[in-house]
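Number of protein chains: 2
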Amino acid sequence: MKMIKNAVGRLVPDEVNGVKQIPYKGVGKYIPDGFTARTKIRSCAEFPSDGNKVVKSLKEALKKAGIKDGMTISTHHHLRNGDLLTNKLFDEIKSLGIKNIRWFPSASFPCHSHLIKYLEDGTIHHIEGSMNGPLGRFTTEGKMKGVGVLRSHGGRYQSIQDGEVHIDIAIIAAPEADPFGNANGVNGKSAFGGTGFSLADSEYADRVIVVTDNLQPFPVVPWQIQGNNVDYVVEVESLGDPAKIVSGTTEVTKSPDRLLIAEYVAQFMEEAGIMKDGFSFQAGSGGTNLAFALFLKEKMKAKGIKARFIRGGSTKYLVEMLEEGLTDYILDGQTFDLEGVRSMRENHNHVSTSPFTSYNYHGKGNFASIIDAVVLGATEVDVNFNANVVSHSDGYLLHGIGGWQNCMFSKCTILAIPSFRDRIPVILDEVTTLCAPGELVDVIVTERGIAINPRRKDLLAAVKNSNLPIRSIKEIQKEVYEICGGAPAKPLVDESNVVAVIKWVDGTVIDSVFKLEI
Amino acid sequence: MKMIKNAVGRLVPDEVNGVKQIPYKGVGKYIPDGFTARTKIRSCAEFPSDGNKVVKSLKEALKKAGIKDGMTISTHHHLRNGDLLTNKLFDEIKSLGIKNIRWFPSASFPCHSHLIKYLEDGTIHHIEGSMNGPLGRFTTEGKMKGVGVLRSHGGRYQSIQDGEVHIDIAIIAAPEADPFGNANGVNGKSAFGGTGFSLADSEYADRVIVVTDNLQPFPVVPWQIQGNNVDYVVEVESLGDPAKIVSGTTEVTKSPDRLLIAEYVAQFMEEAGIMKDGFSFQAGSGGTNLAFALFLKEKMKAKGIKARFIRGGSTKYLVEMLEEGLTDYILDGQTFDLEGVRSMRENHNHVSTSPFTSYNYHGKGNFASIIDAVVLGATEVDVNFNANVVSHSDGYLLHGIGGWQNCMFSKCTILAIPSFRDRIPVILDEVTTLCAPGELVDVIVTERGIAINPRRKDLLAAVKNSNLPIRSIKEIQKEVYEICGGAPAKPLVDESNVVAVIKWVDGTVIDSVFKLEI
Numbered sequence: 038m039k040m041i042k043n044a045v046g047r048l049v050p051d052e053v054n055g056v057k058q059i060p061y062k063g064v065g066k067y068i069p070d071g072f073t074a075r076t077k078i079r080s081c082a083e084f085p086s087d088g089n090k091v092v093k094s095l096k097e098a099l100k101k102a103g104i105k106d107g108m109t110i111s112t113h114h115h116l117r118n119g120d121l122l123t124n125k126l127f128d129e130i131k132s133l134g135i136k137n138i139r140w141f142p143s144a145s146f147p148c149h150s151h152l153i154k155y156l157e158d159g160t161i162h163h164i165e166g167s168m169n170g171p172l173g174r175f176t177t178e179g180k181m182k183g184v185g186v187l188r189s190h191g192g193r194y195q196s197i198q199d200g201e202v203h204i205d206i207a208i209i210a211a212p213e214a215d216p217f218g219n220a221n222g223v224n225g226k227s228a229f230g231g232t233g234f235s236l237a238d239s240e241y242a243d244r245v246i247v248v249t250d251n252l253q254p255f256p257v258v259p260w261q262i263q264g265n266n267v268d269y270v271v272e273v274e275s276l277g278d279p280a281k282i283v284s285g286t287t288e289v290t291k292s293p294d295r296l297l298i299a300e301y302v303a304q305f306m307e308e309a310g311i312m313k314d315g316f317s318f319q320a321g322s323g324g325t326n327l328a329f330a331l332f333l334k335e336k337m338k339a340k341g342i343k344a345r346f347i348r349g350g351s352t353k354y355l356v357e358m359l360e361e362g363l364t365d366y367i368l369d370g371q372t373f374d375l376e377g378v379r380s381m382r383e384n385h386n387h388v389s390t391s392p393f394t395s396y397n398y399h400g401k402g403n404f405a406s407i408i409d410a411v412v413l414g415a416t417e418v419d420v421n422f423n424a425n426v427v428s429h430s431d432g433y434l435l436h437g438i439g440g441w442q443n444c445m446f447s448k449c450t451i452l453a454i455p456s457f458r459d460r461i462p463v464i465l466d467e468v469t470t471l472c473a474p475g476e477l478v479d480v481i482v483t484e485r486g487i488a489i490n491p492r493r494k495d496l497l498a499a500v501k502n503s504n505l506p507i508r509s510i511k512e513i514q515k516e517v518y519e520i521c522g523g524a525p526a527k528p529l530v531d532e533s534n535v536v537a538v539i540k541w542v543d544g545t546v547i548d549s550v551f552k553l554e555i
Numbered sequence: 038m039k040m041i042k043n044a045v046g047r048l049v050p051d052e053v054n055g056v057k058q059i060p061y062k063g064v065g066k067y068i069p070d071g072f073t074a075r076t077k078i079r080s081c082a083e084f085p086s087d088g089n090k091v092v093k094s095l096k097e098a099l100k101k102a103g104i105k106d107g108m109t110i111s112t113h114h115h116l117r118n119g120d121l122l123t124n125k126l127f128d129e130i131k132s133l134g135i136k137n138i139r140w141f142p143s144a145s146f147p148c149h150s151h152l153i154k155y156l157e158d159g160t161i162h163h164i165e166g167s168m169n170g171p172l173g174r175f176t177t178e179g180k181m182k183g184v185g186v187l188r189s190h191g192g193r194y195q196s197i198q199d200g201e202v203h204i205d206i207a208i209i210a211a212p213e214a215d216p217f218g219n220a221n222g223v224n225g226k227s228a229f230g231g232t233g234f235s236l237a238d239s240e241y242a243d244r245v246i247v248v249t250d251n252l253q254p255f256p257v258v259p260w261q262i263q264g265n266n267v268d269y270v271v272e273v274e275s276l277g278d279p280a281k282i283v284s285g286t287t288e289v290t291k292s293p294d295r296l297l298i299a300e301y302v303a304q305f306m307e308e309a310g311i312m313k314d315g316f317s318f319q320a321g322s323g324g325t326n327l328a329f330a331l332f333l334k335e336k337m338k339a340k341g342i343k344a345r346f347i348r349g350g351s352t353k354y355l356v357e358m359l360e361e362g363l364t365d366y367i368l369d370g371q372t373f374d375l376e377g378v379r380s381m382r383e384n385h386n387h388v389s390t391s392p393f394t395s396y397n398y399h400g401k402g403n404f405a406s407i408i409d410a411v412v413l414g415a416t417e418v419d420v421n422f423n424a425n426v427v428s429h430s431d432g433y434l435l436h437g438i439g440g441w442q443n444c445m446f447s448k449c450t451i452l453a454i455p456s457f458r459d460r461i462p463v464i465l466d467e468v469t470t471l472c473a474p475g476e477l478v479d480v481i482v483t484e485r486g487i488a489i490n491p492r493r494k495d496l497l498a499a500v501k502n503s504n505l506p507i508r509s510i511k512e513i514q515k516e517v518y519e520i521c522g523g524a525p526a527k528p529l530v531d532e533s534n535v536v537a538v539i540k541w542v543d544g545t546v547i548d549s550v551f552k553l554e555i
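Just so you know, the protein sequences line up as chains A and B, in that order. Those letters in the first sequence? Residues 38 to 555, per our numbering, in order. Those letters in the second sequence? Residues 38 to 555, per our numbering, in order.
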């Protein structure tokens, strides 16, 4: 393994877990020259003619799927922190004596700290997928056998489609399924909305196992997962804890600073002329984002403006906008609360999307670049507008990438962030981990002012005569450093020990995470 | 090229248009051992970031797609006999001076007789796809340069998926589309319902051109065709003649014989115990099939029986059953009348399917084998229950296969046919063209009685004490021969000159069509 300096000056390995890597080359600079993955041709003659693929247990399904050492097993994270299935899955894998699994989740959550023992005993070799919380901590401390690979939602689709990651067995948790394997996430006690994160897995894995706690007669509709891609169906008592799968309701921030940020973002979108008839925007589920949506809604109502579409993850606030006629459509990558799930089930202008449609950079375009404005968070930004979303200034890898990198391609990318957190400045000279290049970040909105990327002369001109607190990023940084007593100390890391890499949306490596010296 | 006798004793060529063929081996006997087709990896960097893929004309789109001699160009037949686009397409191809195109439609109709001049002048080399009417006549007379290849809907999907047919440029006629290329068939003046026949084309073709007469802002929903698979979008004044695209209404037969057949089929399904709560059936759009659905409906109402699902092509009669609560779902492969289109647009228990979900034999199962009973037509059957759907007893190839072969896998396959047509017996010693092996045909219902395949002892036992006119196939044949004056004369053909082959659902060759000596 050799370390290479990539196009944003970051040191990245030329090889990860024995696989050759391409260093990041710049936005749109790496043009792939190959063919998508192929799958083995199957025959209906090999499957039950009555369409009944139910087997009696997850263990039996794993055995029928031919599980063996060193395989890649994928899961999705729509069950979020309520996921009991993945833990049970690895209990079964352990009981079968299987070793060295590459676990390929679309993300992992604190509930998966159960799996640390399997990382320690060699059942799991390494994780490729976002690691929220304990598993990220475990990884940063250099305890994982292999190197973690973090990809965006779109990057995960791209890696499967392009054959970079071959999934041997995909496990798909389905709140509703039929014996043929058709499945969705909108019906049943474990309903979570759309199940787009498992689409690529269902399409490309050698063997696909659908696990459901709500088996219904063929056909269950909508078939977000198509039974034609499924090998086995397993019925279980429960997939997880519904309260942790989706919130009953999502909460708007009460912090005065965050409310101010949210108000600035909404005002910016109005004054910059983005908020106009037929426009589109995306905002996530964080408390600031929810508040932003409420402020924007009032502005839209006041001016009689209707959006063409809103991108979720959706919440009751977006659902209200759909139901009040403030948007024609909601397009959801995921669904954050029960109202969102209900709306997706009942309202066919509330459409479930997938990383293929929304985010895959190796397609003939995707939805992300069509959106007028996206409001995102970040753990850190730097004075060159580069941004970090996975690690903290102490060097710990603690957050997933989600669709964040993919969303950067919107026509106006806004990072809505506090200027400091726990007395640690958020605007630095250089981010700890570079997850998105500054050229894609158009606006940084803090409670102390709004910094517009100098590249966006159009936006600077558009808000020149507004009463928005437009400031330079360095000016805001200086003020924050004065309050916090300067830059945070750089974490002490072992640069010879890469514990994880961050992929860009095109599969190239944009940055490394190094082992913390603790 | 060498002729080989296949597993049903038919002479088939070992090579067609220079491509090696596998002779038919029996139902479920050929297990493929390879990988599905791959497509070139694309990058969003190569596509407009605002998602606008509109180009100014079909000719420009063809040029951008790199059209050249010898390419394979695909179209779908959802516009049926109202299709003006395909004729226009080949006018453009001719005007570009392109030669030797393999035209790969999902089917062709009499309106496409416009293309005979392009078959004659070398613009089109040959057709792979069902040929209804004039093009079939042209082919049977040995006038086409290459050999025709007829596939079922599922076989067409299979051939694309498996890489047997590589599509260079797919042309998708869309009654509604957005500039990104998302498209559907349910909205707009040319609405035809679901657009499943073009799904494989959109997924696997090198370049995909969506042509619409109803361009709407992003996103049009449902996205039956995903813009992420589309290269170019072209707006035209009109795709075709709406009256010929779908019927205003579909007509039930008035013929006393056909009504009797329809009544027998319904009665058979009741007495054989197929019609029971939660059952499923499929019936096409012919006048006999429509009458059957009406008879069955009355029986279901009388007994308080509800189906789980009905497979269309749907018509107002099936829609009424859905709306009256006689079925939970309609799953449509295509839509035959305006009421069907309306219902698919408005009722989300009326679901559009594709040949992938319904019919692809090289998948992990498909819907066709799950269905309790299917009612089909045939041009001929023989005393061994083998059936023909493409040619007449005079040797002319005049009909498409459609989903007919695929539907044969239902739990009870019923052919509802008159025992003779125009004084020509329909039950022969041997069919002119063998499109489905007798082992898959369970019941033949004629106005002179019902013949049950001796293999289906269960069905024979189930209706033993009914008052249905159960007879042996030979007995019915004998009676018909007496009326018609014996078997029809065999057509005079040149067995050294194969003008078309019939593929089985697994891509093997089940029969040949020979040049007629006329």
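Keep in mind that the hints were calculated from the coordinates and are not lab data. Take these hints with a grain of salt, some might be off.
Same chains, same names: a pair is fine if it fits in one copy or spans any two.
Listed below are the simulated DSS-like cross-link pairs for lysine-lysine, each with C-alpha atoms no more than 30 Å apart in a straight line [to be verified]:
1. K77 / K57
2. K336 / K131
3. K100 / K66
Within, between, both or neither, where K336 and K131 count as close if Cα-Cα is 30 Å or less: neither (55 Å within a copy, 55 Å between copies)
30 Å Cα threshold - placement of K57 relative to K77: Answer is both: 25 Å inside a copy and 21 Å across each meet the 30 Å cutoff.
Within, between, both or neither, where K100 and K66 count as close if Cα-Cα is 30 Å or less: Between copies, since 26 Å is at most 30 Å while 43 Å is not.
Hint violations for this structure: number 2 only, all remaining hints satisfied.
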